[in-house]
Structures are given as structure tokens and as C-alpha cells.
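A.B. asks: Sequence:
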Amino acid sequence: MSTAVPGRAAELPGGGAEPPGERAGRAAVEPSRPVLPRGLARSAGRIAALTVCQAALMVGLGLLITGPARTLWPLTAEDGVNESFVRLRTGTLNTLSSAVSEAGNTLTVIAVTLVSCLCLILVPRLPRWRQASFLALAVALQSLVFLVITVAVDRHRPDVHRLDGSLPTSSYTSGHTGAATALYGGLAVLALSRLRGPWRAVVGCLLCALPLLVAVARLYRGMHHPTDVLGGLVNGSLSLLIVGRALLMDGRVTARPAAPASPHPLTPAAREPQPVPGHTAVILNPSVTGRADRDALRRVLEHHGHHAPVFVETTAEDPGGGQTAGAVRDGAALVVVCGGDGTVRAAADAIAGSDVPLALVPCGTGNLLARNLGLPLAPADALDAALRGTPHRVDLGHIEGDGLAPTHFAAMSGAGLDAAMVERANAHDRTKSLLGWPAYAIAVLQVLRTPRTALSVRLDGAPALRRTARMVLVGNIGTVQGGLTLLPSAEPDDGRLDLLILDPRGIGGWLAAVRTLLRPGTTASPPRSAPTAGERRDGAGDAGGTPVEFFTFRRAEITFDAPQPRELDGDPVTAGRRLTAEVRPGALTMLLPTREK
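Numbering of the sequence shown is given in our numbering, commencing with residue 1 and proceeding in unit increments.
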């Protein structure tokens with residue numbers, strides 16, 4: 001037996017020596033024993049503990065429903081609900097309810113779970129073991145808790161004619177509903193995290209609707225009381241929350257680091273083409289742009305005659321500004337920016353004032369600028385639409401403040417509630433990457449109690465206005481996620497910026513604010529010629545407790561009485577008391593699809 005000596009080549013079986021570079025390369029490609037991810041044992045313990053708590057909670061609710069609370073409203077009205085469903089029965093509805101009920105049947109749930117997990121493992125180029133484990137474990141734990149509940153809580157089924165055979169289990173909770181919630185809710189989470197484009201929301205909504213349809217079908221068929229199906233929804237949702245938190249959002253469960261790559265690989269790495277004058281530079285955020293996206297973008301560029309594009313990745317230290325400035329210095333004829341609003345903002349700040357056109361490829365969570373410019377949200381489709389379009393001049397906002405260096409923004413900048421929401425959403429990157437823009441909706445619910453502050457606003461040199469507000473938003477565009485229009489008059493090429501001051505007081509104030517923001521045609525489009533300084537767009541009187549105020553301007557100086565959280569195009573920046581925003585008309589040249597007027 002020979003012993004390896006440091007600094008010498010290893011001996012080959014035939015007596016020869018293996019070069020150190022080949023030895024390292026061979027070791028890098030040889031399969032190693034599978035190892036469990038770090039933190040798995042701790043997460044497993046947490047899942048087990050929380051599942052015990054879940055079972056205790058559900059059993060406690062069941063004992064309450066069948067015990068002290070059974071004579072209280074609304075439990076006393078449940079029989080009437082079941083009888084109402086009986087009176088609605090028709091042959092067609094019986095058939096439909098039977099088909100929907102089967103979606104929560106045990107055999108159906110097992111089959112769909114098995115097929116889905118196999119697809120997650122076998123179909124993708126890289127097996128998605130974490131997602132498959134999430135789905136399988138959520139369904140399994142829901143079933144386990146359901147069995148514990150039915151043993152501990154004895155509840156008779158509704159005293160109406162039942163369309164299905166009586167099952168041996170208790171009426172509380174609805175097993176069909178709970179299983180459907182865990183399965184189809186889990187598939188909805190995976191669909192929202194993996195799919196892109198318009199089908200993402202459609203598929204997610206359909207999957208989320210299935211458990212609700214199963215719940216209604218079980219009520220219609222006389223198999224459960226309303227609180228039984230409600231308990232099933234809660235049981236399945238808790239299983240999803242517990243397992244999803246541990247496997248999809250917990251950063252402590254991580255893959256073990258691989259062995260360091262060989263300094264002498266067996267095959268030379270492919271190199272990106274070197275920049276040449278007139279080349280196309282693709283600035284991309286690697287955290288949201290995968291290899292498949294890059295290949296698709298390369299094909300689109302080649303199709304439009306942009307050969308040998310140079311791909312440059314952003315970094316945490318430089319989110320796109322330095323890469324874009326470098327591409328312009330190297331003579332790029334076109335800059336393609338792939339990322340979210342933060343990446344676009346950094347690139348736009350670097351390219352502002354030049355004649356080099358920018359093509360926007362939305363790959364982030366919000367993609368506000370792309371949505372407002374009418375670009376498709378699928379990366380390859382957006383690039384194709386841009387390259388088929390023509391150059392357009394788009395405004396940018398220029399902003400600065402205490403602790404905030406002068407910079408540009410392309411979409412929106414805000415302080416107060418809006419910035420607190422962004423900060424909360426960005427603090428949970430896993431939730432944001434998993435859910436997409438709905439993560440912002442969750443975050444805003446968590447920061448609704450952000451206190452109001454007093455401020456002064458000076459628009460276009462006019463006398464300062466005194467206001468109180470929970471949120472101040474300056475925008476070059478008007479529509480945010482979910483199609484909600486916060487700044488109805490905002491246009492990205494009108495040479496103006498728009499201002500929203502939100503200050504609802506009490507429930508009535510919030511309802512009035514929501515009605516204003518949801519009402520189409522809240523304000524007319526701003527005039528295009530000789531606008532007056534700081535024109536107000538809501539037609540209301542002075543401050544006077546107005547929950548929502550709109551203004552349009554070219555320069556705004558905003559001073560808060562107390563430091564406020566602030567954000568630029570969806571990225572939190574340092575808190576402060578001052579913001580000065582000014583429009584830079586036509587500062588950015590973009591390739592955009594031609595729109596009919």
C-alpha cells in the first residue's frame with residue numbers, strides 16, 4: 001500500500017503518475033456520498049413541535065364546538081345552513097358537487113401528491129427535493145393531525161339526507177377539505193414561486209379556489225357542518241404554514257458546501273465575448289435571472305441581429321450602475337437590463353442623459369416600470385417586444401436628501417407607510433421570492449399602524465403647504481402591483497412628477513381612501529402646456545383631514561418633522577427628514593413597443 005506524499009503526483013494503478021490538475025479535476029466530477037442539509041434536524045424538531053401544537057389547537061376547538069359553545073350562535077344556526085343546501089339540490093348540482101368532492105378524496109389526494117412530487121424530482125433539470133418534500137410533508141401532516149382530531153372529538157354528521165355514504169370518522173373536521181387545502185394550496189405556493197407571465201396568477205388562483213369548492217361541495221352533500229369545513233381549511237392551512245416556514249423560508253436549512261472547484265478543470269470554461277464597439281451589453285441580476293432565461297434572451301437577440309452579446313452580472317455591492325456605465329464607456333450600442341426595479345433604477349441612473357437606448361427585461365418581484373410601459377412580464381417576450389419597437393424618451397426623477405446621495409429613480413420613491421412596507425418585505429427575501437408581489441400585500445398589513453407625521457411640502461417654488469401624513473409617494477408612473485393605481489395622472493413621458501399624500505384617520509378615513517384609490521378616473525390627465533406651480537389634482541379644499549391628496553409638479557421639497565423610512569424603486573434607503581425630487585424630462589432613451597394613441 002502506498003502513501004501519498006504532499007507535493008508529489010499520485011500514483012496510477014499501472015504505476016504511472018497522475019498529474020495534480022487531472023487528479024483534482026477527476027475528484028471534482030466523481031460522485032460523492034449524499035449528505036443531509038445543514039439545520040435539517042433542528043427544522044424537523046420545530047415541525048414536530050408545531051404540529052403537536054396544531055393538533056392541540058384543533059382538538060381544543062373541536063371540544064369547544066361540541067361542548068360549551070354548542071348552544072351559542074353561530075353554532076345554533078348551522079342546521080339551518082345545511083337544510084338550505086338541501087333545498088338547493090338539483091341533478092346537475094349533485095353531479096358537479098360529486099366531481100368537486102372527489103378532488104379531496106383520499107385516493108385522489110394521494111395520487112396527485114405522488115405525481116406532483118415525481119414531476120418536481122424527475123422533470124426539472126435540477127431536482128427540486130425541497131419543494132417536493134414541502135408538498136408531501138404538508139399533506140402527510142395534515143392527514144396525521146386529522147386522524148388525531150377524529151379520535152379525540154366525536155361529532156355526529158348533520159341530520160339531513162346525505163348524498164355520500166356515512167364514513168366511520170367524526171364529522172369534525174372535514175378531511176376532504178383539509179387534504180384539498182394542503183395539496184392544492186401547496187401546489188399554488190409552488191406555482192406562484194416558479195411560473196412567470198400572465199398564467200402565474202391564473203394557475204395560482206385556480207389552485208387556491210379548489211379547497212373552497214371542495215368545502216362547499218361537502219356542505220352541499222350534507223356531509224359536514226359549516227364549522228367542520230372551516231376546521232378543515234384551518235387544519236390544512238396550518239400544515240402548509242408550518243412546513244413551508246421550515247423548508248421554504250428558513251435560511252438555516254442549507255446545502256452543505258461542495259468541495260472547492262479544481263484550479264485546473266478538465267475542460268476549459270466558456271468565456272463571454274470581449275466588448276467591441278457597437279456591441280450589445282446585457283446587464284443581469286443573477287439572483288432573478290437563471291441560465292434558461294439567459295439562453296432564451298441570447299436567442300431573441302440573435303434573432304434580431306444582435307450577435308455576440310456581452311452578459312455582465314450585477315453584484316450586491318454594485319446592483320447595476322457600474323456595469324452599465326462600463327458598457328457605455330466601452331461603446332455599447334444597446335444596453336439590455338434584466339432584473340427588478342432596483343436593477344433598472346441603478347442602470348437608468350448610470351445611462352441617464354446618454355443616447356444609448358435601454359431595453360428593459362422584467363425579472364424581479366414588482367416590475368413596476370415594465371407594467372406601466374405595457375411590456376410583457378415574461379423575459380423573452382419583453383425583450384422581443386422591445387426590439388420590435390422604437391426608441392422613446394422617458395422621464396426620470398432626480399432625488400436627494402439628508403443621508404441620501406443624489407440619484408435617479410424610474411418608477412416611484414416614497415416615505416412612511418410605503419417605505420416601511422418595502423423594508424418589511426425585503427427583510428423576508430424568501431417570502432418575497434416565493435410569493436412574488438403578494439409579499440408586499442402581506443407586508444403592508446403588518447405596517448398599517450405606521451404613525452402619521454407632520455411635514456411641509458413646497459412645490460415648484462410656491463408657498464409651503466403643511467400636512468400630516470402616513471405616507472408620501474412621488475411617482476413617475478401611477479400603477480402598482482395588482483393593478484392598483486395610486487397616481488392616476490402619472491405618465492412616464494409627460495415632463496412632470498406626481499405626488500400622493502395619504503392621511504386616513506380611523507376606519508372611515510381608510511374606507512374613503514380605498515374608495516378614492518379604487519375609483520377609475522379619479523383625476524383628469526394633467527395639462528400639457530404651461531401648468532401652474534404645484535397643481536393639485538383632487539379638487540378638494542385645504543388640508544382639512546382629506547385622506548388622499550394628489551399633486552403634480554416639476555420640483556418638490558419635502559421636509560418631515562421626524563425621520564421617516566424611505567425607499568427608491570422598491571429598495572429601502574436610509575431614513576431621514578428631507579427629500580428633494582425633480583423631474584428630468586426625457587433623460588432615458590428606451591426601446592418600447594409602439595402603442596396606438
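Where hints are given, some of them may not hold.
Here are the computed distance ranges between Cβ atoms for each label pair [claimed, not checked]:
#1 T106 / T315: 48 to 54 Å
#2 S354 / G374: 37 to 43 Å
#3 D164 / L63: 23 to 29 Å
The hints are simulated quantities; they were obtained by calculation from the structure and are not laboratory data.
Ideal placement from N, C-alpha and C gives every residue a C-beta, glycine not left out.
A.B. asks: All hints are to be evaluated individually against the structure, with a verdict given for each.
C.D. replies: Hint check results:
no., hint, in the structure
1, T106 / T315: 48 to 54 Å, "50 Å, holds"
2, S354 / G374: 37 to 43 Å, "24 Å, violated"
3, D164 / L63: 23 to 29 Å, "26 Å, holds"
The structure fails to meet hint 2 from the earlier list, while all remaining hints are met.
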